[in-house]
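Residues per chain, in single letters:
There are 2 protein chains.
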Amino acid sequence: MSASTATTVPAAIRRWHEVAEARDIAGLNALLADEAVFQSPVVHTPQVGKAITARYLTAAFQVLNNGHFRYRNEWFGPNSAVLEFETVVDGIEVNGVDIITWDASDRIVNFKVMIRPLKAINMVFEHMRATLTAMSA
Amino acid sequence: MSASTATTVPAAIRRWHEVAEARDIAGLNALLADEAVFQSPVVHTPQVGKAITARYLTAAFQVLNNGHFRYRNEWFGPNSAVLEFETVVDGIEVNGVDIITWDASDRIVNFKVMIRPLKAINMVFEHMRATLTAMSA
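Protein chains in written order, with this note's numbering: chain A, 39 to 175; chain B, 39 to 175.
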């Protein structure tokens with residue numbers, strides 16, 4: 039990582055990239071605030087709390103972070119960022135955004151995901167459901 | 039609009055807000071580059087060209103820009119921005135992003151939309167289809 043990147047990318051996002059690339063579950067737990075909320079592309083009701091947020095993000099690592107996954111663009115605000123990603127799962131192109139909000143301690147308090155197109159949402163939903171079920175077993 | 043807003047909001051986004059608030063179709067056409075591309079929440083294939091992009095955005099004004107519509111957050115990059123919106127249509131809460139890219143003349147070259155949750159996508163898709171059909175009649 040270049041010095042210029044290190045100074046311009048917010049600390050929470052720098053950590054998120056490290057955690058996502060390594061699928062680092064301990065690092066993920068350290069990065070999430072206790073009151074973290076996950077908002078899925080599929081369901082309106084927010085998933086409230088660090089445990090359930092970590093669970094969804096861990097499942098997403100398995101479903102989305104394959105060899106095709108890459109972040110293609112990023113936009114930064116004072117305490118939030120949008121990361122646009124692309125991947126291919128089951129031969130279907132997936133395009134989405136992670137909208138990440140952090141607190142004064144650079145811990146993630148809100149993680150919202152949107153996905154397009156519709157075909158990708160339906161496919162990711164099925165994979166997420168199967169992965170979350172397998173994690174519970 | 040305050041002076042500070044006027045200096046920090048990119049010109050293309052300032053114009054987009056004016057056009058969207060007024061549902062100004064002539065203004066929309068002036069803001070779109072000839073090679074503008076629209077990327078829908080539903081379909082993977084991009085809609086290429088100013089005419090079809092204007093058509094989709096005009097339909098979206100009718101479907102989404104009702105009394106409930108508001109932009110709740112914005113992130114700006116050098117030649118692109120993400121605008122997160124919320125609205126309510128048919129009693130269903132719609133949350134989405136407009137990802138807007140502009141050229142050196144501040145004309146919009148790419149307009150991508152993502153929507154969550156799934157229920158909202160399906161409902162907006164039906165309304166968009168009906169509105170586009172009515173516009174063709």
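Honestly, the hints are just simulated from the structure, not real lab data.
Yeah, the Cβ is synthetic: ideal placement off N, Cα and C, and Gly gets one too.
Honestly, I wouldn't trust all of these hints.
A short list of chain A residues far from chain B (calculated; beta carbon distances all over 10 angstroms) [unchecked claim]: (1) ASP141; (2) ARG154; (3) THR171.
Computed list of lysine-lysine pairs in DSS-like fashion (alpha-carbon distance at most 30 angstroms, straight line) [what the hints assert, rightly or not]: (4) LYS157(B) - LYS157(A); (5) LYS88(A) - LYS157(B); (6) LYS88(B) - LYS157(A).
Tell me if the straight-line CA distance from LYS88(B) to LYS157(A) falls inside 30 angstroms. With Cα atoms ~26 angstroms apart, LYS88(B) and LYS157(A) stay inside 30 angstroms; holds.
Mind checking the alpha carbons of LYS88(A) and LYS157(B) for me, to see if they're no more than 30 angstroms apart? holds (26 angstroms)
May I ask you to check that THR171(A) keeps its beta-carbon over 10 angstroms from the closest beta-carbon of chain B? holds (19 angstroms)
Mind checking the alpha carbons of LYS157(B) and LYS157(A) for me, to see if they're no more than 30 angstroms apart? Holds, at roughly 14 angstroms.
Compute the least Cβ-Cβ separation between ARG154(A) and chain B, then decide whether it is above 10 angstroms. violated (5 angstroms)
ASP141(A): least C-beta distance to chain B exceeds 10 angstroms? holds (16 angstroms)
Consistency with the previously given hints fails for number 2 only.
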